[in-house]
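Letter by letter, the chains look like this.
Number of protein chains: 2
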Amino acid sequence: MQKVYELYYWPMIQGRGEFVRLALEYTNVDYVDVARQSEQEGGGVSALIQFLENKKMQHPPFALPYLKVNEFIVSQTTNILQYLGTRHALVPDNETDRLWIHQLQLTVADFVTEIHDTHHPIAGELYYEDQKEEALRHAENFHKNRLPKYLGYFESVLASNPDKSKYLVGDTVSYVDLSLFQLIAGLRYAFPNTMTSIEKKYPNLNALHDHIKILPRIAAYLSSERRIPFNQQGIFRHYKVLDL
Amino acid sequence: MQKVYELYYWPMIQGRGEFVRLALEYTNVDYVDVARQSEQEGGGVSALIQFLENKKMQHPPFALPYLKVNEFIVSQTTNILQYLGTRHALVPDNETDRLWIHQLQLTVADFVTEIHDTHHPIAGELYYEDQKEEALRHAENFHKNRLPKYLGYFESVLASNPDKSKYLVGDTVSYVDLSLFQLIAGLRYAFPNTMTSIEKKYPNLNALHDHIKILPRIAAYLSSERRIPFNQQGIFRHYKVLDL
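One line per chain: the protein sequences are A and B, in this order.
Going by my numbering, the first sequence opens with residue 671, and the numbers climb by one from there.
Going by my numbering, the second sequence opens with residue 671, and the numbers climb by one from there.
If you are wondering where the hints come from, they were derived from the structure by calculation, not from laboratory data.
A couple of the hints might just be wrong.
Copies of the same chain look alike in the list, so a pair counts if it works inside one copy or between any two.
Distance condition first, Cα-Cα at most 27 Å in a straight line; then the derived BS3-like pairs of lysine-lysine [stated by the list, open to error]: (1) 910 - 870; (2) 834 - 819; (3) 814 - 834; (4) 834 - 725; (5) 802 - 819; (6) 802 - 814; (7) 910 - 725; (8) 726 - 819; (9) 726 - 910; (10) 870 - 725; (11) 726 - 834; (12) 883 - 834; (13) 871 - 814; (14) 726 - 836; (15) 836 - 871; (16) 738 - 802; (17) 725 - 814; (18) 802 - 870; (19) 870 - 836.
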C-alpha cells in the first residue's frame with residue numbers, strides 16, 4: 671500500500687516535528703518519517719538537504735518540519751496541524767472551535783520558542799556553550815514570569831472548558847491536547863526541579879498529560895523505537911544550571 | 671450604523687496589531703480600534719485591561735491583539751488574519767493557496783519575533799537599557815544570518831510566483847502582501863543603514879512595498895491619524911548601535 675504522508679524533519683531530535691509526529695500517530699494514518707529511513711531507502715539527513723535545496727519547488731518551506739502529500743507540501747508546524755486536523759477528525763466540525771484550537775496551538779508555538787530561547791537567547795547559529803551567561807539571565811526571567819504565565823493560561827482554559835471534559839476544547843481529543851502533552855513532558859525533562867515544585871498548581875494540565883500518555887495509540891508510539899528520547903540537541907534540554 | 675469589528679490592541683504602538691489594522695483598512699470594513707477611543711467612549715488602555723481581566727470570557731486571548739465580532743473573540747495575529755482573509759477576499763478561494771498564504775504569514779510572525787528580540791533578547795519584561803550588551807550580540811547574528819535568510823526567502827517566493835504578479839501568491843493582494851509591506855517599512859525604520867546597503871538584493875520586495883504603499887485605501891490610511899508613527903516602544907525600534 672502506498673504511503674500517503676511524508677514527514678520531513680531532523681531524525682535525531684523530537685523538536686517541532688514531534689508535534690506533527692504525535693498527530694500522525696494518534697490518527698493512525700500511514701506515514702513515513704523520511705529522514706529516519708536509511709539512505710538506501712532514500713532517507714537520512716541528505717534527503718532533507720536535497721529537498722530544501724530544490725529551487726524549483728512550489729510552496730518551499732522556510733524551515734523544517736514539512737509534510738509532503740503526493741506533490742503538495744505544507745509547512746509550519748501549526749499549519750500542518752491545522753491541515754491534518756480537518757482531515758482526520760483532530761478538530762470538531764465547526765469553525766468556532768477550529769479557530770479557538772488554532773489560537774491555542776499558536777500560543778503553544780510561542781511558548782516553544784521561549785523554551786528554546788532559555789538555552790539559545792542570542793542565536794540558534796551558536797552553541798549553548800557560547801551563550802551560557804545570557805541563557806542564565808533569560809532562564810531566570812522565564813521561570814519567574816513566562817512559565818507561570820503560560821502554564822496558568824492553559825490550566826485555566828482546561829478548568830473552564832464548558833464541556834467539563836479532560837480536553838482543552840469540546841469533549842474529544844484535538845491536536846492541541848497532544849501538543850500540550852508534549853509540552854508538559856518536555857518541561858519535566860528540561861526542568862525537573864521546577865516542574866516538581868510547581869506541579870500542584872496545575873492539576874488539570876497534569877491530568878491531561880497523564881490521560882494522553884495512556885491513549886492506546888499514543889502509548890504504543892511512546893514505547894516504540896519511533897519515539898526519539900529527549901536529548902540535549904532538541905528544544906527541551908536539561909541543563910542543571912537553568913533548572914532554577 | 672453598528673460597527674462590527676472591534677480591535678483590541680495597545681493604542682501607542684503599531685506592534686503586532688498593525689498587521690491586523692492594515693488588513694481591516696484594506697478591506698474597508700467598519701471597525702473600532704477600541705483603545706484609541708477616549709475613555710469616555712469606552713476606550714483607552716483601561717478598556718484593554720478590563721477585558722483581559724474578565725475571567726468568564728469564552729476563548730480568552732493569551733495576549734493582544736484580539737478581534738471581537740459581536741460576542742465572538744479571535745486572537746493571535748495570524749489567526750485573526752486567516753479569519754478576516756476568508757471573509758473579505760484577502761485570500762483566493764481555494765485551500766491550497768490559503769494554506770500557502772498562512773504558512774508565509776506564520777513565517778512573517780517568526781521573523782517579527784526575531785526582530786523584536788534584537789532589542790529584547792533576554793526578557794520582554796525588562797527595558798532595552800537592561801539588556802543592551804546581549805542585544806548587540808543578538809543583533810550581530812541577526813544581521814549576519816537571520817535578516818538575509820528571511821529576506822532572501824520572501825524575495826525568492828515573489829520572484830517565483832508562477833502568476834508573475836507583484837504579489838506573493840496568485841495575482842491579487844492577500845493579507846501576507848500587506849504584512850510584507852509592514853515588515854519592509856519597519857525594517858527601514860529600525861535599520862536604515864543596513865537596509866540601504868542591501869536593498870539592491872531584494873528588487874521584488876522593494877517593488878511590493880512601493881506598490882502596496884500607494885494602493886488607494888492603504889495610502890489614505892498611512893496619511894491619516896489612524897496610522898501611529900513608528901516609535902521606540904514598538905517591535906521596530908531604531909537604536910543606532912544595532913543598525914550594523
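Consistency of the hints with the structure:
1. Taking CA atoms no more than 27 Å apart as the test, residue 910 paired with residue 870 passes inside one copy only; the shortest distance there is 22 Å, against 47 Å between copies.
2. Within a single copy, residue 834 and residue 819 get their C-alpha atoms as close as 22 Å, which meets the 27 Å cut-off; across copies the closest is 45 Å, which misses it.
3. For the identical chains of this complex, residue 814 and residue 834 are neighbours neither inside a copy (30 Å) nor across copies (50 Å), given an alpha-carbon limit of 27 Å.
4. Proximity of residue 834 to residue 725 under the C-alpha cut-off of 27 Å is restricted to the inter-copy arrangement: shortest distance 16 Å between copies versus 49 Å within a copy.
5. For the identical chains of this complex, residue 802 and residue 819 are neighbours both inside a copy (24 Å) and across copies (25 Å), given an alpha-carbon limit of 27 Å.
6. In this assembly of identical chains, the alpha carbons of residue 802 and residue 814 lie at most 27 Å apart whether taken from the same copy (18 Å) or from different copies (21 Å).
7. For a Cα distance limit of 27 Å, the shortest separation of residue 910 from residue 725 qualifies neither inside one copy, at 42 Å, nor across copies, at 36 Å.
8. For the identical chains of this complex, residue 726 and residue 819 are inter-copy neighbours only, at 18 Å across copies versus 43 Å inside a copy, given an alpha-carbon limit of 27 Å.
9. When the C-alpha separation of residue 726 and residue 910 is checked against a cutoff of 27 Å, the pair qualifies neither within a copy, at 45 Å, nor between copies, at 39 Å.
10. For the identical chains of this complex, residue 870 and residue 725 are inter-copy neighbours only, at 21 Å across copies versus 51 Å inside a copy, given an alpha-carbon limit of 27 Å.
11. Taking identical chains as interchangeable, the C-alpha atoms of residue 726 and residue 834 lie at most 27 Å apart only when they sit on different chains, with a minimum of 15 Å there against 49 Å within one chain.
12. For a Cα distance limit of 27 Å, the shortest separation of residue 883 from residue 834 inside one copy, 20 Å, qualifies, whereas the shortest one across copies, 49 Å, does not.
13. Within a single copy, residue 871 and residue 814 get their C-alpha atoms as close as 15 Å, which meets the 27 Å cut-off; across copies the closest is 43 Å, which misses it.
14. Proximity of residue 726 and residue 836 under a CA criterion of 27 Å is satisfied inter-copy only: 19 Å between copies versus 45 Å inside one chain copy.
15. In the homo-oligomer, the alpha carbons of residue 836 and residue 871 lie at most 27 Å apart inside one protomer (17 Å), although the nearest pairing across protomers, at 52 Å, exceeds that limit.
16. For the homomeric pair residue 738 and residue 802, neither the shortest alpha-carbon distance inside one copy (37 Å) nor that between copies (42 Å) is at most 27 Å.
17. Only between protomers do residue 725 and residue 814 lie at most 27 Å apart by alpha-carbon distance; the minimum there is 22 Å, versus 44 Å within a single protomer.
18. Taking the shortest Cα distances, residue 802 and residue 870 never come within 27 Å of each other, neither inside one copy (30 Å) nor across copies (37 Å).
19. Within a single copy, residue 870 and residue 836 get their C-alpha atoms as close as 17 Å, which meets the 27 Å cut-off; across copies the closest is 55 Å, which misses it.
Hint violations for this structure: numbers 3, 7, 9, 16 and 18, all remaining hints satisfied.
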